[in-house]
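Using our numbering, you'd call the opening residue of the sequence shown number 5 and step up by one each time.
In short, the hints are calculated from the structure, not lab data.
A portion of the hints provided could be inaccurate.
Claimed, not checked - Once the Cα atoms are required to be at most 25 Å apart in a straight line, the calculated SDA-like pairs of lysine to any residue come out as:
1) K414 with R291
2) K216 with P475
3) K346 with K119
4) K119 with D412
5) K467 with K346
6) K216 with E243
7) K423 with E327
8) K467 with D453
9) K400 with S342
10) K317 with E327
11) K440 with K119
12) K423 with T242
13) K346 with D292
14) K400 with F370
15) K216 with K119
16) K216 with L236
17) K440 with R200
18) K440 with R239
19) K108 with S98
20) K400 with H238
21) K440 with K94
22) K400 with Y469
23) K423 with L454
24) K467 with D292
25) K216 with R277
26) K94 with L151
27) K216 with G261
28) K346 with P383
29) K467 with E327
30) K414 with P233
31) K317 with W444
32) K216 with T242
33) K317 with H382
34) K467 with D448
Stated by the list, open to error - Computed Cβ-Cβ distance ranges for the label pairs, DEER-style:
35) S121 with A364: 48 to 58 Å
36) R340 with A285: 36 to 46 Å
37) H421 with R101: 35 to 45 Å
38) S139 with A364: 29 to 39 Å
39) D331 with T242: 43 to 53 Å
40) N189 with R123: 44 to 54 Å
In this text the structure is predicted, and so the values were computed from the model without any measurement.
Glycine included, every Cβ here is placed at the ideal spot set by N, Cα and C.
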Amino acid sequence: MASLQATSKRCITQLLRPRRQWPAAALARSQHTHSRKPPTHVDIEVAKAAAATAPQKPVHIPREIGPGVLEGEAPRVLLRPNNLFHAWDKSPSSQIRERASRIKHHAYCPHPEHKNSPRHIKFTCPDCGIPTYCSEEHWADDYENHLLICDALRESNEDEHDLRSGRFFPEFEYPGEQIEEQLINMTNWDTYLYTRGANAIDEDRQMRQVTKLLTYPITLASVVHELSPYDLRHRLTTEGLRSMAALRYNLHPPASGSGQDVKSVRINPPPVRLFILGARAESSLPRDVWYQLAYLFPRATFHLIFIGPESMKGREAEYPLPERTPDNPFGAVLERPSYRMKISTFVEYFHTLHEAHAFAPYDPYFDCFMLFHPGLGHPGSAAEWEYTLPILLDTKSPIICTGYTETDLKRDVDWVHNKCKGEFDVLLEPEENRFKSLRWDINDADPTDLSQSNWGLWAFRGKRYEATVPPPHTINP
């Protein structure tokens with residue numbers, strides 16, 4: 005019994021004895037490595053050579069899917085809906101600050117005092133946040149004229165910041181297929197979006213953002229669709245009805261009865277070719293926007309052809325221009341969003357492609373030309389169109405044109421009348437477009453020059469001459 009007590013006493017004494025404290029350096033080293041070997045010397049040159057000969061992993065460059073948002077990143081909300089107004093020269097967005105700097109370097113003060121002595125803009129209006137005058141004195145002196153556009157400038161300012169706010173844009177989720185029995189009402193933007201089953205848009209700002217993109221395909225569709233709001237009582241002429249009837253014959257073909265088995269195979273007509281000449285911003289639109297045409301014409305196939313020296317501007321990184329080879333002599337960029345739509349882009353002038361017979365022959369039943377803001381009568385671009393316009397008239401296919409403003413549209417119409425008087429027929433009377441963009445655009449060269457994309461719309465075609473003249477109708481007595 006005594007020996008058992010002695011053993012227990014020794015055990016308790018060992019447990020109560022304080023442990024040995026390790027040095028701090030040794031403790032730090034033990035946290036990083038469990039090896040007892042001494043550190044080895046690393047030859048830097050050998051390590052570099054090994055890294056150079058090691059197989060390199062492909063570097064993934066994230067793609068920008070939105071303003072300031074990279075692929076794989078969650079969008080960051082930079083600006084709240086109640087914090088969208090900022091002066092452009094002090095904007096949280098670097099892109100907007102660059103635009104403000106561009107305006108100050110290129111735009112001139114609109115004050116009447118500078119009519120003969122132009123002076124660059126330096127002062128930013130505190131009400132709209134846009135640089136507009138050279139000084140605060142001239143801004144205050146001409147405030148009555150500036151007040152006419154101040155609200156529109158402020159609205160455009162907030163829309164630009166909204167695009168870069170990092171918020172989620174539900175208005176850019178476009179509707180897809182819909183049953184043929186569900187007809188589309190193309191009276192205006194509200195009826196169109198409602199009958200297409202688009203997401204409900206409750207704010208004016210969201211409406212302005214979505215119409216900025218959709219105005220391009222829907223403007224074209226509103227003219228050639230069988231449910232077009234333009235008829236003989238509303239701007240469409242008799243010659244226009246003839247041209248539209250030819251196009252609609254292939255845009256709305258009857259059901260062919262084709263199926264999946266071999267016995268149900270049917271011959272499909274060639275695609276309808278839509279030539280977008282002088283393409284700029286419209287050629288870089290998301291393909292979901294242009295694919296709305298396939299939903300509006302479910303039985304037709306399309307070949308969109310973007311032609312113009314600026315048709316690939318800003319897209320070189322996404323689609324590098326291919327080399328010109330015998331198989332692709334003009335370096336066309338081809339895209340196939342679906343079996344129902346093909347997109348070709350040519351960084352070339354149309355008359356150059358026409359002289360090479362790249363698209364011949366032309367058929368008014370399958371071809372249509374679309375000119376978005378061509379500037380036919382603008383002094384800076386009229387010379388380029390002077391050679392192309394007679395070629396377009398010779399095709400006898402409809403030519404649809406839009407304009408930024410009423411002045412721009414009237415200038416184009418007058419120029420065509422002066423250059424080709426008696427050689428064309430008006431298909432659609434020039435007036436305001438029902439599907440214009442609702443968002444105001446600011447011209448960096450003149451911030452007081454506000455415009456809306458596709459504000460005006462008209463159409464014309466080369467005059468067709470009858471081969472035989474019907475005899476005059478006589479009434480028998």
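Structure-based check of each hint:
no. : hint                       : verdict
1   : K414 with R291             : violated, 31 Å
2   : K216 with P475             : violated, 51 Å
3   : K346 with K119             : violated, 50 Å
4   : K119 with D412             : holds, 22 Å
5   : K467 with K346             : violated, 30 Å
6   : K216 with E243             : violated, 31 Å
7   : K423 with E327             : violated, 37 Å
8   : K467 with D453             : violated, 36 Å
9   : K400 with S342             : violated, 29 Å
10  : K317 with E327             : holds, 17 Å
11  : K440 with K119             : violated, 33 Å
12  : K423 with T242             : holds, 23 Å
13  : K346 with D292             : holds, 13 Å
14  : K400 with F370             : holds, 11 Å
15  : K216 with K119             : violated, 34 Å
16  : K216 with L236             : violated, 28 Å
17  : K440 with R200             : holds, 18 Å
18  : K440 with R239             : holds, 16 Å
19  : K108 with S98              : holds, 15 Å
20  : K400 with H238             : holds, 23 Å
21  : K440 with K94              : violated, 31 Å
22  : K400 with Y469             : holds, 10 Å
23  : K423 with L454             : violated, 28 Å
24  : K467 with D292             : violated, 36 Å
25  : K216 with R277             : holds, 24 Å
26  : K94 with L151              : holds, 22 Å
27  : K216 with G261             : violated, 38 Å
28  : K346 with P383             : violated, 34 Å
29  : K467 with E327             : violated, 39 Å
30  : K414 with P233             : holds, 22 Å
31  : K317 with W444             : holds, 22 Å
32  : K216 with T242             : violated, 31 Å
33  : K317 with H382             : holds, 21 Å
34  : K467 with D448             : violated, 39 Å
35  : S121 with A364: 48 to 58 Å : holds, 54 Å
36  : R340 with A285: 36 to 46 Å : violated, 22 Å
37  : H421 with R101: 35 to 45 Å : holds, 44 Å
38  : S139 with A364: 29 to 39 Å : violated, 59 Å
39  : D331 with T242: 43 to 53 Å : holds, 45 Å
40  : N189 with R123: 44 to 54 Å : holds, 51 Å
Hint compliance for this structure: hints 1, 2, 3, 5, 6, 7, 8, 9, 11, 15, 16, 21, 23, 24, 27, 28, 29, 32, 34, 36 and 38 are broken, all remaining hints hold.
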